[in-house]
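Line by line, the protein sequences are chains A and B. Quick note, in my numbering, the first sequence goes up one by one and the last residue is 345. Quick note, in my numbering, the second sequence goes up one by one and the last residue is 382.
These aren't lab readings, by the way, just hints derived from the structure by calculation. By construction, the Cβ of each residue, glycine as well, lies at the ideal position given by its N, Cα and C atoms. Wrong hints could be hidden among the right ones.
These stretches of chain A come out as covered by chain B in the derived footprint (C-beta under 8 Å, 3 or more residues) [what the hints assert, rightly or not]: (1) 166-176; (2) 226-236; (3) 262-274; (4) 323-329.
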Amino acid sequence: MSALLEVEELQVTFGGRTAAVRSASFRVEKGETHCLVGESGCGKSVTALAVMSLLARGGQRSAKKMSFAGTDLTSLSDREMARLRGNRMAMIFQEPMTSLNPAFTIGSQMAEVLTRHKGGSRAAALDRAAELMGRVGITAPGMRLGQFPHQLSGGLRQRVMIAMALMCDPELLIADEPTTALDVTVQAQILRLLANLKREFGLSILLITHDLGIVARVADHVSVMYAGEVVERATTAQLFRSPQHPYTRGLLSCVPVPGRVQRDRPLGSIPGVVPAIGSGFAGCAFRSRCAHADETCARAIPRRQAGDAHDYLCRLEPDWAELQPA
Amino acid sequence: MTAAIEVENLRCEFRVHTGLMSAEKRVVAVDDVTFSVPAGSVLGVVGESGCGKSTLARMILGLLKPTAGTVLVDGKRLFDLDRKARARLIQPVFQDPFASLNPRRRIKDIVALPLAAQGTFSRAEIERRVARILERVGLSAAMGERMPAQLSGGQRQRAAIARALVLEPRIVICDEPTSALDVSVQAQILNLLADLRRDLGLTYLFISHNLAVVEHVASEVAVMYLGRIVERNETDALFREPGHPYTKALLESVLTPEPGKGVPDIGLGDAMPDPANIPPGCRFNPRCRIAVERCRHEAPTRMVRPPQGMVECHLA
Ligand SMILES: Nc1ncnc2c1ncn2[C@@H]1O[C@H](COP(=O)(O)OP(=O)(O)OP(=O)(O)O)[C@@H](O)[C@H]1O
Ligand SMILES: Nc1ncnc2c1ncn2[C@@H]1O[C@H](COP(=O)(O)OP(=O)(O)O)[C@@H](O)[C@H]1O
Ligand code: SF4
Ligand code: SF4
Ligand SMILES: [Mg+2]
Ligand SMILES: [Mg+2]
Chain A
20 MSALLEVEEL
30 QVTFGGRTAA
40 VRSASFRVEK
50 GETHCLVGES
60 GCGKSVTALA
70 VMSLLARGGQ
80 RSAKKMSFAG
90 TDLTSLSDRE
100 MARLRGNRMA
110 MIFQEPMTSL
120 NPAFTIGSQM
130 AEVLTRHKGG
140 SRAAALDRAA
150 ELMGRVGITA
160 PGMRLGQFPH
170 QLSGGLRQRV
180 MIAMALMCDP
190 ELLIADEPTT
200 ALDVTVQAQI
210 LRLLANLKRE
220 FGLSILLITH
230 DLGIVARVAD
240 HVSVMYAGEV
250 VERATTAQLF
260 RSPQHPYTRG
270 LLSCVPVPGR
280 VQRDRPLGSI
290 PGVVPAIGSG
300 FAGCAFRSRC
310 AHADETCARA
320 IPRRQAGDAH
330 DYLCRLEPDW
340 AELQPA
Chain B
67 MTAAIEVENL
77 RCEFRVHTGL
87 MSAEKRVVAV
97 DDVTFSVPAG
107 SVLGVVGESG
117 CGKSTLARMI
127 LGLLKPTAGT
137 VLVDGKRLFD
147 LDRKARARLI
157 QPVFQDPFAS
167 LNPRRRIKDI
177 VALPLAAQGT
187 FSRAEIERRV
197 ARILERVGLS
207 AAMGERMPAQ
217 LSGGQRQRAA
227 IARALVLEPR
237 IVICDEPTSA
247 LDVSVQAQIL
257 NLLADLRRDL
267 GLTYLFISHN
277 LAVVEHVASE
287 VAVMYLGRIV
297 ERNETDALFR
307 EPGHPYTKAL
317 LESVLTPEPG
327 KGVPDIGLGD
337 AMPDPANIPP
347 GCRFNPRCRI
357 AVERCRHEAP
367 TRMVRPPQGM
377 VECHLA
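Let's have the full structure, built from the sequences with the hints guiding it.
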């Protein structure tokens with residue numbers, strides 16, 4: 020198995036004060052779906068934006084390694100990066116309206132992506148747009164091409180975003196909470212679509228979400244992020260079979276499962292909120308919310324191995340955590 | 067015992083212009099809705115975007131006049147009450163806590179507003195009650211001094227709940243109170259709402275697009291599709307044995323943390339239901355997997371479904 024995207028020790032700071040991403044490492048294998056999961060503010064979007072070189076002004080990125088299909092992303096000029104973006108690596112955002120221009124029709128926006136990167140005629144680009152819209156389950160694509168973004172429902176807009184991201188046949192698709200703003204019915208349809216595209220086109224996907232229910236259903240590998248760090252990494256099967264980090268266990272307990280709810284008992288939850296981390300922070304960032312925290316958690320925390328390709332960042336030994344179901 | 071909320075044959079129509087050339091269209095947002103919510107219980111209302119959940123909520127809150135039908139809250143017609151009396155009886159909690167909190171006021175002033183608007187509470191009494199309710203929803207006094215932008219999404223929703231409860235209403239309408247929140251924060255808010263209901267004896271109408279979310283809080287669930295309640299039953303029965311194909315699709319679309327199961331094909335197609343174009347026959351038939359010929363021209367009638375429910379489907 021070879022990695023399409025390899026990120027090692029990625030750091031992102033804003034104005035030197037907020038350490039938004041702290042030494043995050045993960046690999047997206049070819050043809051696989053890798054999920055970044057964590058609560059709001061854990062650094063998932065900043066990680067994705069850092070990979071795409073789309074960080075907001077003031078964002079400082081450094082990495083020991085960041086390579087895409089063998090190309091060192093940190094060494095690329097802005098122009099070279101712009102040629103990759105939307106072309107070999109494409110991104111879809113949580114709120115499709117932020118990346119669709121309300122003043123242009125769907126058709127012209129989709130066609131523009133293709134002609135910019137690959138040249139060719141507008142007519143040919145529109146044909147491809149219609150074909151891809153069909154592929155993502157949009158009926159009557161011809162009519163949709165002539166419509167403006169505000170004339171589409173949220174689910175349709177997200178499908179358009181996916182079709183648009185596929186225009187140039189990307190190898191990597193980065194999807195940042197693509198279904199968080201949608202109905203659960205539409206969410207299931209969009210995620211199924213992504214899974215089919217992965218199978219049909221051999222697409223590699225970096226999917227960002229806060230919901231371990233989604234992760235279980237779509238991911239091959241998972242990186243759990245907390246306060247800018249990857250606190251646990253594993254294959255999906257392994258992560259759900261034996262989650263080790265107390266944060267991962269907390270996230271799992273929050274997902275409501277129909278039929279398993281006990282009405283008179285509280286749902287599992289994680290008290291408190293994700294802390295903002297400044298530079299120079301030491302120890303485990305989860306300690307303010309962790310039921311297992313003790314004074315050693317304020318010191319440097321080891322990364323422990325819990326099996327093949329499964330590691331986590333916590334003072335607790337694997338077996339110990341095993342004995343304490345969350 | 068009078069029901070906390072009693073809704074009968076409720077209907078709401080809007081007239082909308084769909085384009086420059088086209089004539090005025092009628093949008094039936096809520097169509098012949100009947101239910102009652104006993105005091106102290108929770109009715110969960112579930113359905114997709116645009117199915118009329120918020121419109122129903124606004125009519126119950128007395129913010130929108132029904133086209134037909136009646137709403138009784140605690141046995142009274144809300145339109146006969148003045149704003150102050152209404153506010154003491156029923157309060158809303160909305161989806162987006164940011165949009166519903168004034169960005170230029172401190173949290174404790176926002177929470178105090180309903181009390182101040184009554185005009186009958188002293189300064190000291192207002193402060194006492196605000197402090198008490200902030201503590202009850204899990205916000206520190208320091209949080210009360212902050213502006214909404216300085217709070218996390220979950221803390222803002224706690225503030226919105228504090229504002230809704232500060233007048234000690236009997237009935238709270240929660241319209242997607244956790245839809246804008248992370249799963250982890252959603253769990254905190256659901257637990258808080260459940261605690262408050264138990265401790266204060268509240269009645270909720272709890273709206274969501276996610277069936278799994280209502281299971282924890284609701285004693286009874288109503289499933290809405292294109293303005294109608296297509297199935298209603300006690301929560302356990304509805305989850306155990308959903309009768310309507312749409313209820314089943316909603317249940318299937320809940321992605322439980324079970325690896326290896328993949329994403330189900332819930333089979334609803336890409337066409338979103340449009341309340342300006344309600345299909346003839348059963349309104350669900352264009353998206354229904356098991357539709358038969360009869361479904362295309364004959365609307366199903368309301369049938370009893372044990373133990374306490376109803377369903378509208380020819381094949382249920
Ligand atoms: N003031 C209005 N004028 C015209 N149409 C309206 C008005 N208010 C609501 N509608 C329409 O009535 C239907 C039901 O809307 P409603 O807001 O109740 O849906 P909802 O179930 O709450 O959806 P969501 O999950 O998106 O909040 C929609 O088609 C909506 O566009
Ligand atoms: N443009 C920015 N300026 C300053 N801080 C930022 C900026 N963007 C993100 N951050 C901070 O970085 C952290 C991670 O944010 P983000 O990646 O958006 O979280 P997630 O996507 O996991 O919800 C947060 O603390 C956030 O406030
Ligand atoms: S290191 Fe300590 S605080 Fe952090 S997760 Fe492990 S036990 Fe909890
Ligand atoms: S009446 Fe027919 S179309 Fe409607 S839900 Fe039942 S089977 Fe489906
Ligand atoms: Mg984000
Ligand atoms: Mg609504």
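Each hint, compared with the structure:
| no. | hint | in the structure |
| --- | --- | --- |
| 1 | 166-176 | holds (count 4) |
| 2 | 226-236 | holds (count 8) |
| 3 | 262-274 | holds (count 6) |
| 4 | 323-329 | violated (count 0) |
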